[in-house]
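Asks: Chain residues, written in single-letter form:
There are 2 protein chains.
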Amino acid sequence: MPEYKAPLRDMRFLIDHVFDFHTQYAALGAHDASPDMINAILEEGAKFCENVLAPLNRSGDEEGCHFDNGVVTTPAGFKDAFAQYVEGGWHGLAADPAYGGQGLPSSLGLVISEMVGSSNTSWGMYPGLTHGAMSAIHAHGTAEQKDTYLSKLTAGQWTGTMCLTEAHCGTDLGIIKTRAVPQADGSYAVTGSKIFISAGEHDMSDNIIHLVLAKLPDAPAGTKGISLFIVPKFLPDAAGEAGERNGVSCGSIEHKMGIKASATCVLNFDGAKGFLIGEPNKGLNCMFTMMNHARLGTGMQGLCLGEASFQGAVKYANDRLQMRALTGAKAPDKPADPIIVHPDVRRMLLTMKAFNEGNRALTYFTAQLLDVAHLGSDAEARQEAEDLLAFLTPICKAFMTDTGLEVTNHGMQVFGGHGFIREWGMEQLVRDCRIAPIYEGTNGIQALDLLGRKVLGSQGKLLRGFTRIVHKFCAANAGHPQLGSFVAQLNELNQQWGELTMQVGMAAMKNPDEVGAASVDYLMYSGYIILGYLWLRMALVAQAQLEAGEGDGDFCRGKLATSEFYFKRLLPRTAAHRAAIEAGSECLMKLPAALFAL
Amino acid sequence: MPEYKAPLRDMRFLIDHVFDFHTQYAALGAHDASPDMINAILEEGAKFCENVLAPLNRSGDEEGCHFDNGVVTTPAGFKDAFAQYVEGGWHGLAADPAYGGQGLPSSLGLVISEMVGSSNTSWGMYPGLTHGAMSAIHAHGTAEQKDTYLSKLTAGQWTGTMCLTEAHCGTDLGIIKTRAVPQADGSYAVTGSKIFISAGEHDMSDNIIHLVLAKLPDAPAGTKGISLFIVPKFLPDAAGEAGERNGVSCGSIEHKMGIKASATCVLNFDGAKGFLIGEPNKGLNCMFTMMNHARLGTGMQGLCLGEASFQGAVKYANDRLQMRALTGAKAPDKPADPIIVHPDVRRMLLTMKAFNEGNRALTYFTAQLLDVAHLGSDAEARQEAEDLLAFLTPICKAFMTDTGLEVTNHGMQVFGGHGFIREWGMEQLVRDCRIAPIYEGTNGIQALDLLGRKVLGSQGKLLRGFTRIVHKFCAANAGHPQLGSFVAQLNELNQQWGELTMQVGMAAMKNPDEVGAASVDYLMYSGYIILGYLWLRMALVAQAQLEAGEGDGDFCRGKLATSEFYFKRLLPRTAAHRAAIEAGSECLMKLPAALFAL
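First to last, the protein sequences are chains A and B.
Residue 1 is where the first sequence starts when you use full-length UniProt numbering, and the numbers rise one by one after that.
Residue 1 is where the second sequence starts when you use full-length UniProt numbering, and the numbers rise one by one after that.
The reader is advised that the hints may include incorrect statements.
Because identical chains cannot be distinguished in the list, a pair is counted as satisfied if it fits within a single copy or across any two copies.
For lysine to any residue, the following SDA-like pairs were computed, each having C-alpha atoms within a straight-line distance of at most 25 Å [unchecked claim]:
(1) 224 <-> 321
(2) 330 <-> 318
(3) 472 <-> 365
(4) 79 <-> 148
These are computed hints drawn from the structure, not numbers from a lab.
Can you make the complete structure from the sequences, with help from the hints?
Replies: Here is the structure:
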């Protein structure tokens, strides 16, 4: 199993220098997030994840979750680790102090989430889902609902879920069948069956608070007739503690390719008592308010697993002796050279490094926008942040998970045959990562959201909000003595991006299928350009530090070399995506469905 | 589990029309391979694979192999299926009639191998390894060795293995530690430990014949000091039957990501009696003589698993109802449209279809060359086939497995969340496929073999042998009324291919690292062009059949649509690979190894 060490140096480079969290926190009035506090959080978070969560990662995968007549038991050590996590204050880090949280900015919560995900993605699902439920209740619950649930959830005494999917629908929530019938006491009787419910049943908390999408008897058809309900596993009693068992039970858990220690449940609601949260028929809207955060979290799984894989691969590539360098022996005293001398091994490692560090920068960039959207006092700045978030969120989710899957596959490949063997831990990272492009809205759906709803739906406004930033950045750095050619490369792509979008938009006005035909390639194309922008920002800081004799010279040289690699070897992938976009929909749509397989 | 149906229509299209196996068989004197015989083989092979092997695929994955104190038991049904396979004559299909085989051409054996691999890749490893051992003994064994082993192996009474890898070396066989000490009776005492030995121990045959690479006491260092030995599990007795147990034992089996029903063994040789095969110190050469066949077989695993995944995905995409088409409801009587209406689902399906059918064409094209190399009477034609095989083999292995992995991942993605669940069978195909880019020489090694040894090592001669074919083909079809634009696109790429190779060759003369820096992208770039050529050959036949009112019109229209998709949406990926090749080695090599992870 690769040993996980939180990449604190890179995190600090971004926090302190590239994005300067400190100035933004001061401006947003997040005074608790002082540099000292941030430092302590990084150090202690790293220790917890490295020492408590990482050692449970492979054992959790091997053991998996157990199901016995409705009772789900998590792998050895999981429950205890959750208790330590709560006790260490990690669970309530970014939660509302009114309910026992520490009230630190979301961005800091995400920094810790990365460490959690890298050390143990399966385990991270349990607090992750709880955070989602907390956000929903916080945003849409009544005062009474908040009082009843938020303190318990923040304290980790209770945990939460999100119950959306049913066997016949995942993407298409408009056709859910779960029904909620109003009762005399103002509650609802919820009946139906939900599948793929992460953390739907387990032994880590005293109670589980399900947030359930269901339809009222008189609901309009489709997505405009969906309401959201709080359905606790145990109904809170008069003292606010877990009381009577509610009519919800776990029918089974899934046997999956990966994240095996995360319990994925079938939940049967059999006239369970539920409480409406938010307005009737506005359930999907309630869900969407926390979607940015949840999708960024899922996108981060690509980064998390990619980072873990990279750490394993670099170590192996330095240790494993095999063949001599093409330019002659580099370790003549040994039977062979370490495989990191081989250009193709370096190609894989640098691809991993470039995606991981680029995706981390994308995460932090987006996290800062989340902070502005949550904490900003200026309405215009908040709206601008919201617009950028709307644009970036599907890209974060899909680009980071697709590239994360590529990264974990490279990491496995670096190990050769040993990569395929479970005990080395590299193949688990691929399996754990493989769900990320699927859940929380498939990457295909993210791409439709980006191109159809966000970019074309805003007549290009949301795209221009970003290309304007890149344009200004390129103008300010044009002709840079060391990095000027990359500035020019980025600037040209940034311009092409707008033109290509226009082209697709024109075609889509005549034929809506053009959107779906271009969407995934458009999303990836956009992701590569965005990472180019972020890599250049990092490179400029590294170059400036080197010249000023500040910072860590070796680290800065690594940044510059990786940036160059990105511009020369990864960014040109935009050409293939562009060609695919320009190919249009006809070659996808002309073949009748019946003729696909003959 | 996707239900497997052998793609007989596509196979016949290639055999009868695109590559015309019949004329070639007649020319090679392979008169037993009559059209009637081929037809019977296709029909019966399909039945066996669909009805006997496919039903054991998922159960084999779930059960895996059992290890108990040196004894390995294969999953339920495996042993019986092997008996049926042997009884049906499949095992000896392409084997030498002198030892009980049917003597049919290799190309027909490969057609059946595809069906076997699609229905049950793990199971296919057992006969597959045996075929490899048979080839080695046939090519390099003494008359006595052939008499002793080949009939038993052909009859499936005994099976075989190839023992190359050791814990400290896989790629770098020059540093193996296994030793063979000459004994007074002319045999050798073989001592050492081999890992990753597929079919190294199991319960499917009476005896296992290991072909083992080891070093003689006076052997020169490196790959020029390796010899090959036959080490039977049970030593043949005077009657030629399995007699005394030899000093080889299975220490453990590996727990792997996939192909779990294939026993991957640690084999300990403890002074085991071995018999030299071939000349001393020429063991690697003996291995290489069968490498073309073995590597094509491994490449085919990408095709096999891709085909199985495609069959599952097309069915699901036609059955699964989710969302409405972007252009309005297509199945208004149903709650939603089948997902095959969505352009992005079609993009995934067509990508799968284009790679599978393209890879099948590449397999058949290469299989015909194998036939000429084995059976051709004209020395010049044989040499030409050998040269093309040398060039194409690494591409078949690496391109087909990398694209096969992409295909199986698309198939899983089409299933959404269900793709991640084991019972649906789609994730197993990804896991089973993931080993193919690693074993039988990693894809990185294939790429070095292609660019370094084959293309540049022949001063471009081996490349020109292929580009000349493409050039003639493009010249003959230039200005084709329907397909002329694709002919032009291919012709341009074919020319660019030569120029790019020259460019890399010039750079490599100054710096050998340029080879390793370009190799993987060069291989993929080459693969895309080769598939372009083959897709165009198929399209021309389909177009001609349509115009003549021959063949199956629907099938031909499917070919043409997929061909168009390939040219418009997949072939442009060459642009990204070309840019990566042109980026050169500097951006890979400049970062000191110690600075990769900080």
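Asks: Confirm or reject each hint.
Replies: Hint check results:
Within a single copy, residue 224 and residue 321 get their C-alpha atoms only as close as 61 Å, which misses the 25 Å cut-off; across copies the closest is 19 Å, which meets it. In this homomeric assembly, residue 330 and residue 318 come within 25 Å of each other (Cα to Cα) only inside a single copy, at 12 Å, whereas the closest approach across copies is 56 Å. In this homomeric assembly, residue 472 and residue 365 come within 25 Å of each other (Cα to Cα) only inside a single copy, at 17 Å, whereas the closest approach across copies is 54 Å. Proximity of residue 79 to residue 148 under the C-alpha cut-off of 25 Å is restricted to the intra-copy arrangement: shortest distance 23 Å within a copy versus 61 Å between copies.
Hint compliance for this structure: no hint is broken.
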